[in-house]
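Asks: Sequence:
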Amino acid sequence: MAQDRPLTTPPARKPRADSVKNRERLLLAAAEVFRAGGPEASLEAVARRAGVGIGTLYRHFPTREALFEAVYRREVEQLVDLAAQLCEREPPIQALRLWLHAGVGMAATKRGMLTALALAIDSSSEIYAYSFAHLTRALEALLSRASAAGAIRADVGPEDVLQAMVGLSMMGRQPGWEANAIRLLDIFVDGLGASAIGEMPES
52 MAQDRPLTTP
62 PARKPRADSV
72 KNRERLLLAA
82 AEVFRAGGPE
92 ASLEAVARRA
102 GVGIGTLYRH
112 FPTREALFEA
122 VYRREVEQLV
132 DLAAQLCERE
142 PPIQALRLWL
152 HAGVGMAATK
162 RGMLTALALA
172 IDSSSEIYAY
182 SFAHLTRALE
192 ALLSRASAAG
202 AIRADVGPED
212 VLQAMVGLSM
222 MGRQPGWEAN
232 AIRLLDIFVD
242 GLGASAIGEM
252 PES
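Quick note, this note's numbering runs 51 ahead of the 1-based positions in the sequence shown.
Check before you lean on any hint, since a few could be wrong.
The calculated label-pair distances, taken between Cβ atoms and stated as ranges, are [stated by the list, open to error]:
id, residue 1, residue 2, range
1, 116, 226, 35 to 43 Å
2, 222, 117, 28 to 36 Å
3, 184, 99, 28 to 36 Å
4, 104, 205, 36 to 44 Å
5, 231, 177, 30 to 38 Å
6, 136, 187, 15 to 23 Å
7, 72, 136, 40 to 48 Å
Keep in mind that the hints were calculated from the coordinates and are not lab data.
For clarity, every value in this text was computed on a predicted model and none was experimentally measured.
Ideal placement from N, C-alpha and C gives every residue a C-beta, glycine not left out.
Produce the entire structure from the sequences given, and follow the hints as far as they go.
Replies: What follows is the structure, encoded as structure tokens:
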């Protein structure tokens, strides 16, 4: 009798290159379409912008919620990566400012998704917990660096700044809201710096 061969699990098949490329194109297109919002923010519009058929979109993202979550997670990951990059190449206060500007851009995409897809993300959801934890850690690194350099006051935490960014990003839907949110965030960051200067001991 032949000796039984041990059972082995076949290695997982890697996604095809064209499939990976299509998924990335769909995520980029979805971010642009959802950012614009309005009646044109449909899954069909996403597929058209990505240059693929609607069937390809559904193979990657069976529901609009799945597409929403993938886009949102991708933008959170990009913001986390950006924080590390800014810490390496920018002065502390400028790194914080540029990161908050990018955060407004992410909020703009999220607003478009919420409006177009009628999809609510509340504080009890898994994706809220995921994004809050990752963004808080990224912001903590930026704030700690700025505080250690004496560029901002030391008693502000990442939750405070994140709340300010989200609040300013969601305060209205009038034309030009994004530029206004960035302007107000700049004032907020300037205030943190001015407070730090005022607290520094005299020589």
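Asks: So, against the hints stated earlier in the document, which numbers end up violated here?
Replies: 1, 4, 7
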